[in-house]
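Participant: What follows is each chain in one-letter form.
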Amino acid sequence: MANEILQIHHLSKAFGHNIVLRDIDFTVEKGDVISIIGASGSGKSTLLRCINLLETPTSGEILYHGENVVGKKVNAPKYRSHVGMVFQSFNLFNNMTVLENCMVGQVQVLGRNKEDARKEAMYYLQKVGMAPYIHAKPRQISGGQKQRVAIARALAMNPEVLLFDEPTSALDPEMVGEVLSVMQTLAQEGMTMLVVTHEMAFARDVSSRVVYMNQGVICEQGAPQQIFGDPQRQETRDFLSRFRNA
Amino acid sequence: MNIFLNLARDIAELWQEYAGLYLTGIWNTLSLAVICTALGCIIGLLCGILNTIPYSKNDNILKRAVLKAIRVLIQIYVEVFRGTPMILQAVVIYYGLPYFTNYAMRFSNIWLCALLVVSINTGAYMAESVRGGIISIDPGQTEGAKAIGMTHWQTMLFVILPQALRNILPQIGNNLIINIKDTSVMSIIGFTEFFAVHKNVTGTTYLYFPSAAIEMAGYLTLTIVASFLLRMLEKKMDGSSSYELAEVDSLTMAAGTYKNPDKTNYFDERSREYKEDK
Chain A
0 MANEILQIHH LSKAFGHNIV LRDIDFTVEK GDVISIIGAS GSGKSTLLRC INLLETPTSG
60 EILYHGENVV GKKVNAPKYR SHVGMVFQSF NLFNNMTVLE NCMVGQVQVL GRNKEDARKE
120 AMYYLQKVGM APYIHAKPRQ ISGGQKQRVA IARALAMNPE VLLFDEPTSA LDPEMVGEVL
180 SVMQTLAQEG MTMLVVTHEM AFARDVSSRV VYMNQGVICE QGAPQQIFGD PQRQETRDFL
240 SRFRNA
Chain B
0 MNIFLNLARD IAELWQEYAG LYLTGIWNTL SLAVICTALG CIIGLLCGIL NTIPYSKNDN
60 ILKRAVLKAI RVLIQIYVEV FRGTPMILQA VVIYYGLPYF TNYAMRFSNI WLCALLVVSI
120 NTGAYMAESV RGGIISIDPG QTEGAKAIGM THWQTMLFVI LPQALRNILP QIGNNLIINI
180 KDTSVMSIIG FTEFFAVHKN VTGTTYLYFP SAAIEMAGYL TLTIVASFLL RMLEKKMDGS
240 SSYELAEVDS LTMAAGTYKN PDKTNYFDER SREYKEDK
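Going down the list, the sequences are from chains A and B.
Heads up: the first sequence at position 69 corresponds to 68 in numbering that gives the first Met the number 0, and the numbers run straight through without jumps.
Heads up: the second sequence at position 77 corresponds to 76 in numbering that gives the first Met the number 0, and the numbers run straight through without jumps.
Hints listed in this document are in silico derivations from the structure and should not be mistaken for laboratory results.
It is possible that part of the hints are untrue.
[Stated by the list, open to error] Subject to a maximum C-alpha distance of 25 Å in a straight line, what follows is the list of computed DMTMM-like cross-link-like pairs (lysine to aspartate or glutamate):
| id | chain 1 | residue 1 | chain 2 | residue 2 |
| --- | --- | --- | --- | --- |
| 1 | A | K118 | B | E16 |
| 2 | A | K72 | B | E246 |
| 3 | A | K77 | B | D58 |
| 4 | B | K62 | A | E54 |
| 5 | A | K113 | B | E243 |
| 6 | A | K77 | B | D137 |
| 7 | B | K234 | A | E54 |
| 8 | B | K67 | A | E99 |
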């Protein structure tokens, strides 16, 4: 039981009258690699943003190690520092170099000294293959490189869970591979990850669990073999058939 | 041709006699403009930051009320000082203070009053520029900062303001140049800046045009130098357009094969095989 990092109970989110998430329930355990798939507008990204409190859920609770993080008394920045996030549009800080991007959070949020932060940043930049580019500004590197730096930046905070919000959707096809291979390595090393993705091969081959979302609810979830090999729901079959024909 | 020779002679005469006055005037104008632009920027930054503190329906009523009140106050400040002439503001503040305190308080130092008026005026313009600069930064920057656990102040200080400042630098330059020229209205309260010198000098010499020519050349030199320096500053803030590749050991490969020897890799113990074995 102690392995559960996040438990989500009856989570709902509405923007005005538009209900985007209804009664979401699921659990993230240590070492899980969960792929969240589904059509555009099915609420996948909103779910991820709710988990990181970038959106405030309308109702329901998110338990982080058994403690509810939805509410007024919660120190949201502190919680967010344990839950890393990688965005579709990278969101690297444009006023800093690659290295500074990976250090600023460690120094300002975690209170590490500069030397330790630098070592930690270099370790992860090395890991994602961006160590030679530490002096570059974000505008000087390619999309795939930016995303790898963004992953290193998130990792340098030593998060317990890493959330990926369509990390390859804004990339040219030839750059998708380099980002996915970094993510695959992380998954194999046991990083707990939640990945919203349209890369079905990644969902099938890398993740330990696949969640299919449709119209704001979790329609079906299970092991990748089961979801891709023997989907139980008609909606899931319809959704996946579109990818098979492509 | 004769006229120009005359002019040159008059200017030379004026300069010989009153160079010290003109130079003091230039110095006063320049220092007032620079200090007030800097103070105005600080006022503008504060207003801009206070104006953009986010609040949501979930925050408690006190926080929302305070933030709302701050926004209204800043709005009033901006409208009043942007919407009235600086020359009147100077008069109102300079003569208003003793009037309202029954002559118990008054500005003992004309510098203080001039600094106050021009800074507050610049601040009102800068408040809107800063707000615009902050709004113009991609919301993704804020989200990226929030996602690594930064607070609102940290996000502002390290991510948003450096970028917003770069974006509003042309606006700051504009304000500096406007201040160099518009501090001339401070002569109304007896502040001896560059233009006041012209009034004093022509009062005794009646050489209106030659003195005005000196003033024109002086102001133009100041503003051109200012805009040149600001261009340089902008270039410097943009940084180098190229970057050096860092030297790394080419044998350490990307994505995972590299292990840092003096550090226990915190992924190791949680690898999936390990979990399944258990």
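Participant: Now tell me, hint by hint, if it's right for this structure.
Facilitator: Status of the hints after comparison with the structure:
| no. | hint | result |
| --- | --- | --- |
| 1 | K118/A <-> E16/B | violated, 66 Å |
| 2 | K72/A <-> E246/B | violated, 47 Å |
| 3 | K77/A <-> D58/B | holds, 18 Å |
| 4 | K62/B <-> E54/A | holds, 20 Å |
| 5 | K113/A <-> E243/B | holds, 21 Å |
| 6 | K77/A <-> D137/B | holds, 23 Å |
| 7 | K234/B <-> E54/A | violated, 38 Å |
| 8 | K67/B <-> E99/A | violated, 35 Å |
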